[in-house]
Amino acid sequence: MTALSLKNVNKSFGNVEVLKDINLEVDEGEFVVFVGPSGCGKSTLLRVIAGLEDATSGTVDIAGEMVNTVPPAKRGIAMVFQSYALYPHLTVRGNMALGLKQEGQPKAVIEARVAEAARMLSLGDYLDRRPSELSGGQRQRVAIGRAVVRQPKLFLFDEPLSNLDASLRMNTRVEIARLHKTLAASMIYVTHDQIEAMTLADRIVVLRDGQVEQIGSPMDLYNNPANRFVAGFIGSPAMNFLPGETVGRPVGQTVGVRPEYLRIVEDGRLNASVAHVENLGGDTNVLATTSSGEPITVRLFGQHRIRMDDSISLDFSDADSFLFDTEGTRLRAG
Amino acid sequence: MNKARRNPLNVAAAHGILILYTAIALFPVFVILINSFKSRRAIFREPLALPDADSFSTIGYQTVFNQGDFFLYFQNSLIVTVASLFFVLLFGAMAAFAISEYRFRGNTIMALYLALGIMIPIRIGTVAILELMVNTGLVNTLWALILVYTAQGLPLAVFILSEFMKQVSDDLKNAGRIDGLSEYTIFFRLVLPLVRPAMATVAVFNMIPIWNDLWFPLILAPSESTKTLTLGSQVFIGQFVTDWNAVLSALSMAILPVMVLYVIFSRQLIRGITSGAVK
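The listed protein sequences correspond, in order, to chains A and B. Its first residue numbered 1, the first sequence is counted upward by one per residue in the working numbering. Its first residue numbered 1, the second sequence is counted upward by one per residue in the working numbering.
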């Protein structure tokens, strides 16, 4: 069964079109990530799904039911916000229980569900504290717990990790992945961080300027990007784009090579001088400038003795490169 | 401030200025207080002297309590002030919430229209207001005053509160909507507690002019049963003879309730004025 289906969804604020003709099906139990640069409309799309904004046209179906006119609380969804958005006047227990109380669930059910969520997220010791007495990571766990207790048909996450520091972000990411497995629930997750997208998603939806650029599994997007935007957005460090003529291709074409597929060789197609070296221990990023003046990034595994202003020669296999025309559309096999 | 940045000269100068200002601000209140406990002759002989065994007298307070229904005036003032503040805060906050939270046609125009009252003094409309009150039969009732003061306080309240409400996190309100809270519950339970400092600011700014107002009580509610304290005190000021003991005593007592209300609001007030400046 489909957990969510969007058909021709458009959204405009006045004359500004924020979402243009979005079509999407999310299967039950699937983890779908919306990713894109800021201002691409991904959060607006999530708010349309949640019912916090009305779609200007198009339909939103949740679990097979058209919900365009259903208020957020009755859509069978739960949402986790970037700023946690906990109720400051309620304890952790009260925060988690409020939604169920509003639904009119019996007390015993509420208590059982809160206890279960608290156990799952190891919040048992904090149930009687107020949000102001919790750390950022704990607050975000409470926000997740508030979503879990409602047993929604669809979870919505709006950049939930953006306010956390790096190590906590990784822990919480793992926790969300684990939660997805245990609950086997359908989840939609908005982020601008492609690492979160790659590590969590079953499928990624890449958005730009309110339009869907490509939908596919993380490896699909990495190995087989539909256009230059997706190719440049997915992967870190970002893909290098070289004018065709500098690597023996017709003028007008652009050749994309991921930094990890560039090799330093004796006599390659590209000559470059090193501008900066990042030694990360496990691998080394070399930022260089080619003889034709293009910036290029090379990712080498292990540690290398390369210094600034060294001259290097680079090459890549054509099978590992991508071709794009002037519009940025992918040119295949040829 | 840490030691490295502290210059004793600057600290002394700052304290000197603050102490001087405090003295200037409190001096009239102090003069009123000491003179209210002196006999009439002593007030005129040496207005700045403290009351001593010779000059001490409570004649002013006795006059105030015996003449006129001082407690009734007091009660009227309190009812008018508290009721007006309540309505200003309630309706002001509601209007501010609508303007800051909902997108609707004419939103900006409505906000400007509501703010217009800040620039146009309500007293300009006194004659029209009086006619209105006469026609509706509200003259010589406390309601006349409460309605006028509510109208007078709303523009500033809407203006200040809508700015503060824009700062309340959208996520929080949306979380409430997803949890099934009604818009009223979101307003009263989530938003209002977060703008409490701003509400206190509005309350204090409105409270003192209402309490001290002489104009509207004199015009709209001068009857014996609806006199406010400020109006009631005027009976001691005559064209030829003024009972200074009684005037000073009445004024001393009039300070008290405002002080009590101010103490209640002031902690919040300071947070309201400074919040947003540092964050």
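Bear in mind the hints are in silico, worked out from the structure with no lab data behind them. A portion of the hints provided could be inaccurate.
[Unchecked claim] Just some of the chain A residues that point at chain B, by a computed CB distance under 10 Å: (1) Phe13; (2) Glu17; (3) Pro72; (4) Leu86; (5) Lys101; (6) Gly136.
[Said to hold, decoys possible] Residues of chain B placed beyond 12 Å of chain A at every Cβ, according to the derived structure: (7) Ala14; (8) Phe87; (9) Tyr262.
Cβ coordinates follow ideal geometry from the N, Cα and C atoms, glycine included.
Q. Any of the earlier hints contradicted here, and which numbers?
A. 2 and 6
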